[in-house]
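K.L.:
Going down the list, the sequences are from chains S and W.
Quick note on the working numbering: the first sequence kicks off at 79 and runs consecutively.
Quick note on the working numbering: the second sequence kicks off at 32 and runs consecutively.
The set of hints was computed from the structure by calculation and includes no laboratory data.
Errors might be hidden in some of the hints.
Distance condition first, Cα-Cα at most 35 Å in a straight line; then the derived DSBU-like pairs of lysine-lysine [what the hints assert, rightly or not]: (1) S:Lys-132 - W:Lys-125; (2) W:Lys-81 - S:Lys-181; (3) S:Lys-181 - W:Lys-125; (4) W:Lys-121 - S:Lys-132; (5) W:Lys-54 - S:Lys-181; (6) W:Lys-142 - S:Lys-181; (7) W:Lys-125 - S:Lys-151; (8) W:Lys-71 - S:Lys-181; (9) S:Lys-151 - W:Lys-121; (10) W:Lys-142 - S:Lys-126.
Quick list of simulated restraints, FRET-style, between CB atoms [unchecked claim]: (11) W:Val-78 - S:Ala-123: 54 to 64 Å; (12) S:Asp-171 - W:Glu-104: 47 to 57 Å; (13) S:Asn-129 - W:Asn-93: 27 to 37 Å; (14) S:Asn-129 - W:Ser-67: 24 to 34 Å.
Quick caveat: nothing in here was measured; it's all calculated off a predicted structure.
We treat Cβ as the ideally placed atom computed from N, Cα and C, and that holds for glycine.
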Amino acid sequence: MHVNPNEVLTTLADPTRRGIFEHLMRDGELTVKVLTKRAGVSQPAVSKHLNVLKQAGLVRGRRQGRESHYSAKPQGLAPLVNWMEIHAALWRDGFDRLEALLKRMEP
Amino acid sequence: MTEQAAQTQSLVIERTMPHPPEKIWRALTERALIESWLMKNDFQPVVGHKFNFRAEPMPHWNGVTDCQVLAVEPNQRLSYSWNASGDEAKEGLKTVVTWTLTPVAGGTHVKMEQSGFRPQDKWNFQGAQSGWQKLIAALEQVAGR
C-alpha cells in the first residue's frame with residue numbers, strides 16, 4: 079500500500095484523531111472502550127476516527143470477543159520521514175568520524 | 032538538464048582536511064576503515080561491484096542500503112549508488128554518492144555529493160526532523176493554519 083505524505087498529514091491534523099494515535103503509540107494495544115474514555119468523545123466518533131487512521135495505514139484493529147482492539151503502526155509514518163535531513167545528519171557525523179580516523183591513521 | 036533531474040535535489044558536504052588524498056582515499060575505500068567511520072559494509076573498489084551498508088534497523092528503515100560501485104579513480108573520485116533495499120526498494124530512496132578529492136595547499140578538499148533526492152524523499156514540514164515530538168509540533172502548526 080502506498081500512502082502519500084499529504085494523506086498521513088491530513089489524517090493526523092485532527093487533534094482528536096492525533097490524540098487516539100498518540101495513546102496507541104505510547105501504550106500499545108488498547109480497546110475502543112479505553113480509547114473512548116480517554117478521548118472524551120462518543121464511541122461511534124472514536125470508531126470513525128479509528129477507521130480513518132486505518133485507511134491511512136496508521137493503525138490496525140482486531141476483534142476479540144465483543145471488544146475491538148487497536149494498535150499503532152509506526153511504519154505508517156514512513157511517508158513523513160525526511161530522508162534528506164536524515165542523510166545530511168548522517169554525513170555530517172560521518173565527516174567528523176572520518177577526520178578523527180584520519181588523525182589516528184599512520185601518515 | 033532533463034526534467035527528471037530538475038525535480039531532484041543534491042546534498043553536498045565539503046571540508047578541507049589536513050591529510051594527503053592518498054590517505055583519505057584509503058579511509059573511503061578500505062572495508063575496515065569505512066566501517067570505523069561510517070557503517071558495516073562489503074565494499075570493494077571495483078566498478079560494478081554490488082555491496083551493502085548495514086546499520087541498526089529503525090522504525091521506518093530496515094537499516095540496509097543497496098549500493099553498486101559506479102566510478103573508481105584512485106585518489107580523485109569515487110562514486111556509488113545508494114538505494115533503499117528489500118521491501119523499501121520499490122518506492123524508496125534511489126540516490127548516487129560521489130566523493131571528489133582535490134589536493135589543496137596543506138591538505139585535501141573533500142567533497143561528498145549525494146544526488147537524486149526526489150520531492151517525496153524530503154517531505155519537509157517547517158524544517159522538522161524525524162521524531163514523534165517534532166512531528167506533533169509540526170502537525171499542530173499545520174492544523175492551526
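K.L.:
Could you work out which earlier hints the structure fails to respect and list their numbers in ascending sequence?
P.N.:
10, 12 and 14
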